[in-house]
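Participant: Spelled out, the chains give:
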Amino acid sequence: QKEVEQNSGPLSVPEGAIASLNCTYSDRVSQSFFWYRQYSGKSPELIMSIYSNGDKEDGRFTAQLNKASQYVSLLIRDSQPSDSATYLCAVKRNNRLAFGKGNQVVVIP
Amino acid sequence: EPEVTQTPSHQVTQMGQEVILRCVPISNHLYFYWYRQILGQKVEFLVSFYNNEISEKSEIFDDQFSVERPDGSNFTLKIRSTKLEDSAMYFCASSEEGYNEQFFGPGTRLTVL
Numbered sequence: 029q030k031e032v033e034q035n036s037g038p039l040s041v042p043e044g045a046i047a048s049l050n051c052t053y054s055d056r057v058s059q060s061f062f063w064y065r066q067y068s069g070k071s072p073e074l075i076m077s078i079y080s081n082g083d084k085e086d087g088r089f090t091a092q093l094n095k096a097s098q099y100v101s102l103l104i105r106d107s108q109p110s111d112s113a114t115y116l117c118a119v120k121r122n123n124r125l126a127f128g129k130g131n132q133v134v135v136i137p
Numbered sequence: 033e034p035e036v037t038q039t040p041s042h043q044v045t046q047m048g049q050e051v052i053l054r055c056v057p058i059s060n061h062l063y064f065y066w067y068r069q070i071l072g073q074k075v076e077f078l079v080s081f082y083n084n085e086i087s088e089k090s091e092i093f094d095d096q097f098s099v100e101r102p103d104g105s106n107f108t109l110k111i112r113s114t115k116l117e118d119s120a121m122y123f124c125a126s127s128e129e130g131y132n133e134q135f136f137g138p139g140t141r142l143t144v145l
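Order-wise, the sequence lines are chains B and P. FYI, in the numbering used here the residues of the first sequence are 29 to 137. FYI, in the numbering used here the residues of the second sequence are 33 to 145.
Be aware that a few hints might be false.
Unchecked claim - Heads up, simulated DSS-like pairs for lysine-lysine below, C-alpha to C-alpha not over 27 angstroms straight-line:
id : chain 1 : residue 1 : chain 2 : residue 2
1  : B       : Lys-70    : P       : Lys-110
2  : P       : Lys-74    : B       : Lys-120
3  : P       : Lys-110   : B       : Lys-120
4  : P       : Lys-115   : B       : Lys-70
5  : P       : Lys-115   : P       : Lys-74
6  : P       : Lys-74    : P       : Lys-110
7  : B       : Lys-84    : B       : Lys-30
8  : P       : Lys-115   : B       : Lys-129
9  : B       : Lys-84    : B       : Lys-120
10 : B       : Lys-84    : B       : Lys-129
What the hints assert, rightly or not - Label pairs and their in silico Cβ distance ranges:
id : chain 1 : residue 1 : chain 2 : residue 2 : range
11 : B       : Lys-95    : P       : Tyr-82    : 22 to 28 angstroms
12 : P       : Glu-85    : B       : Gln-108   : 31 to 37 angstroms
13 : B       : Asp-106   : P       : Ser-98    : 45 to 51 angstroms
14 : B       : Asn-50    : P       : Gly-130   : 28 to 34 angstroms
15 : P       : Gly-104   : B       : Pro-109   : 38 to 44 angstroms
16 : B       : Glu-43    : P       : Ser-113   : 34 to 40 angstroms
17 : P       : Ser-113   : B       : Pro-38    : 34 to 40 angstroms
18 : P       : Asn-83    : B       : Ser-68    : 33 to 39 angstroms
19 : P       : Ile-70    : B       : Glu-33    : 32 to 38 angstroms
20 : B       : Ser-110   : P       : Gly-72    : 19 to 25 angstroms
21 : B       : Ser-40    : P       : Leu-71    : 19 to 25 angstroms
22 : P       : Gly-104   : B       : Glu-73    : 25 to 31 angstroms
23 : B       : Asn-81    : P       : Thr-108   : 35 to 41 angstroms
No lab work stands behind these hints, which were simulated from the structure alone. The C-beta atom is built at its ideal place from N, Cα and C for all residues, glycine as well.
My request is simple: use the sequences and hints to build the entire structure.
Facilitator: Written out as structure tokens, the structure is:
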């Protein structure tokens with residue numbers, strides 16, 4: 029079982045719609061979870077962190093965490109063309125971040 | 033806004049040569065990291081560094097690799113005897129003590145010929 033899994037293929041959403049991304053993780057003791065955005069050829073940029081079960085909202089982004097199900101999600105509301113990127117789910121274990129492969133999001137104007 | 037910086041942005045080297053990748057972490061951060069991303073693959077952890085010593089390393093970080101904080105601002109990754117498969121983007125990251133968020137630099141693209 030992979031440490032962090034992001035299984036969905038590329039996601040195309042119309043401008044203004046909601047993009048929904050999912051991530052599962054294998055290590056039950058993990059306590060810190062992150063979403064990074066990565067534009068092509070660029071470095072990961074932190075957009076959300078979440079540590080407790082439930083929802084956390086920051087602007088147009090909402091992260092959701094369910095530790096019992098070992099599941100983290102990210103919602104992007106009112107998607108903009110500038111949101112077109114790969115979104116990386118990351119789980120912290122000890123000092124390291126374990127990343128998923130990422131979900132590519134394409135926002136269609 | 034403070035940010036992590038890395039030099040060079042692109043390094044081309046011949047197989048078997050040694051390279052040093054440089055990073056300047058955010059000034060009040062005490063934890064430093066190196067990650068790499070082979071083209072088309074996921075970001076992989078290499079090493080974490082705190083209080084002038086390695087705090088954790090991955091199975092990738094073998095004797096070919098070493099890290100150093102030579103002065104109060106720089107953090108370096110040395111790769112000895114580079115191989116073709118070392119070609120990747122290398123990212124430096126840093127975090128504050130007591131905080132979990134890691135902030136990444138722009139990366140160094142290493143090409144081994």
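Participant: For every hint, state whether the structure bears it out.
Facilitator: Here's how the hints hold up against the structure:
For the given pair, Lys-70/B sits about 22 angstroms from Lys-110/P by alpha-carbon distance, which is consistent with the 27 angstroms threshold. The hinted pair formed by Lys-74/P and Lys-120/B meets the criterion: a straight-line CA distance of about 15 angstroms does not exceed 27 angstroms. Of the pairs offered as hints, the one joining Lys-110/P and Lys-120/B holds, with about 25 angstroms between alpha carbons and a cut-off of 27 angstroms not exceeded. Restraint check: the Cα-Cα separation between Lys-115/P and Lys-70/B comes to about 23 angstroms, which is no more than 27 angstroms; the hinted pair holds.
For the hint linking Lys-115/P to Lys-74/P, the alpha-carbon distance of about 19 angstroms falls within 27 angstroms, and the restraint holds. A threshold of 27 angstroms between alpha carbons decides the hint, and for Lys-74/P with Lys-110/P the separation of about 22 angstroms falls inside it, so the pair holds. The suggested pairing of Lys-84/B with Lys-30/B holds, with an alpha-carbon distance near 25 angstroms, which does not exceed 27 angstroms. A C-alpha spacing of about 24 angstroms is found between Lys-115/P and Lys-129/B, which places the hinted pair at or below 27 angstroms, so the restraint holds.
A C-alpha spacing of about 18 angstroms is found between Lys-84/B and Lys-120/B, which places the hinted pair at or below 27 angstroms, so the restraint holds. A threshold of 27 angstroms between alpha carbons decides the hint, and for Lys-84/B with Lys-129/B the separation of about 23 angstroms falls inside it, so the pair holds. Range check, Lys-95/B to Tyr-82/P: about 27 angstroms between beta-carbon atoms, so the 22 to 28 angstroms window is met. Between Glu-85/P and Gln-108/B, the C-beta spacing of about 44 angstroms breaks the proposed range 31 to 37 angstroms.
As the Cβ distance of Asp-106/B to Ser-98/P is approximately 47 angstroms, the hint placing it in 45 to 51 angstroms holds. At roughly 30 angstroms, the beta carbons of Asn-50/B and Gly-130/P sit within the given window of 28 to 34 angstroms. The supplied range of 38 to 44 angstroms is met by Gly-104/P and Pro-109/B, whose beta-carbon atoms lie about 42 angstroms from each other. A beta carbon spacing of about 50 angstroms between Glu-43/B and Ser-113/P contradicts the range 34 to 40 angstroms that was offered as a hint.
For Ser-113/P and Pro-38/B, the Cβ-Cβ distance of about 38 angstroms falls inside the hinted range of 34 to 40 angstroms, so the restraint holds. Taking 33 to 39 angstroms as the suggested C-beta distance range, the pair Asn-83/P and Ser-68/B conforms, at roughly 36 angstroms. With their beta carbons about 19 angstroms apart, Ile-70/P and Glu-33/B fall outside the hinted range of 32 to 38 angstroms. Checked against the hint of 19 to 25 angstroms, the pair Ser-110/B and Gly-72/P passes, with Cβ atoms roughly 23 angstroms apart.
The hinted window of 19 to 25 angstroms between Ser-40/B and Leu-71/P holds, with their beta carbons roughly 23 angstroms apart. Checked against the given bound of 25 to 31 angstroms, the beta carbons of Gly-104/P and Glu-73/B, roughly 26 angstroms apart, stay inside it. Distance hint for Asn-81/B and Thr-108/P: a CB-CB separation of about 40 angstroms, consistent with the stated range 35 to 41 angstroms.
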